[in-house]
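Construct the complete structure from the given sequences, taking the supplied hints into account.
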Amino acid sequence: MLQKAVLDSDWKTMNDCPTNSKKCRSEEPLFKLTSRDGSLFYVSAKAAKLSGLIRRFVEIYDLNDEQAIFMMEPIHLPNVNYRVLTMIIHWTESHKNCPKWIEEKWWLNKKKPLLNSWESGFFKEMPNDFLYKLFVAADYMDVKCLLDACAEKIADQGRGKNEEEMRQVWGLPNDLGPDYGFKRETTFWEDILQGQEHRARVKNEQNCVKAKQKAHQ
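If you're matching positions, the sequence shown starts at 1 in UniProt numbering and goes up one per residue.
Honestly, the hints are just simulated from the structure, not real lab data.
Hints may be right or wrong, so weigh each one.
No more than 16 angstroms apart at the CA atoms, straight line, and that leaves these computed lysine to aspartate or glutamate pairs for EDC-like [said to hold, decoys possible]:
#1 133 - 163
#2 49 - 28
#3 46 - 28
#4 49 - 37
#5 144 - 163
#6 124 - 156
#7 133 - 164
See the structure below:
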């Protein structure tokens with residue numbers, strides 16, 4: 001049995017949302033999502049479309065008008081639990097009026113000071129195990145701006161730490177042999193951020209190749 005899960009009391013800092021999400025939610029068509037445990041969530045169309053996964057559902061099932069959205073069956077997200085989906089919706093509702101996120105040059109995306117302050121509060125005192133679950137869920141739902149924010153947060157926590165400190169931060173067991181090379185594990189979280197940069201460089205190179213090919217046609 002589905003449970004209505006999105007209530008004002010569920011939000012971490014709903015009244016502090018920089019985009020006045022509470023008001024907007026009543027004025028826009030609402031997508032229906034269900035978490036792994038079957039809890040029902042409502043999210044504004046504009047916020048929902050920050051997820052690449054949901055945008056693909058929109059294209060496949062032609063959810064492009066209010067009537068279609070009203071009649072839609074809930075989109076089930078089997079890989080996302082109640083608490084994590086609550087935070088993802090909180091994030092997307094608070095970022096839905098931001099300029100389009102530029103994935104290829106994500107480090108150049110500019111945000112208003114108020115939003116930067118809100119994001120700091122969003123991640124403040126977040127347990128590492130929950131941060132990792134949020135990162136995995138953002139990747140699964142393809143929420144680029146949240147994925148990059150999680151990656152940067154994870155990378156920041158790993159910078160300058162030795163092997164033992166990294167084990168303590170992330171609860172990593174010390175059960176690898178001396179010849180295995182644990183050093184790679186200690187830099188894993190920084191590699192997440194570096195991977196984002198590598199992805200951007202590859203796409204830029206691809207765009208340059210396409211531009212040159214077009215110029216020679």
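Inset, instruction - Taking the numbered hints from earlier one at a time, note which ones the structure violates and give those numbers from smallest to largest. - result: Failing hints, ascending: 1, 4, 5 and 7.
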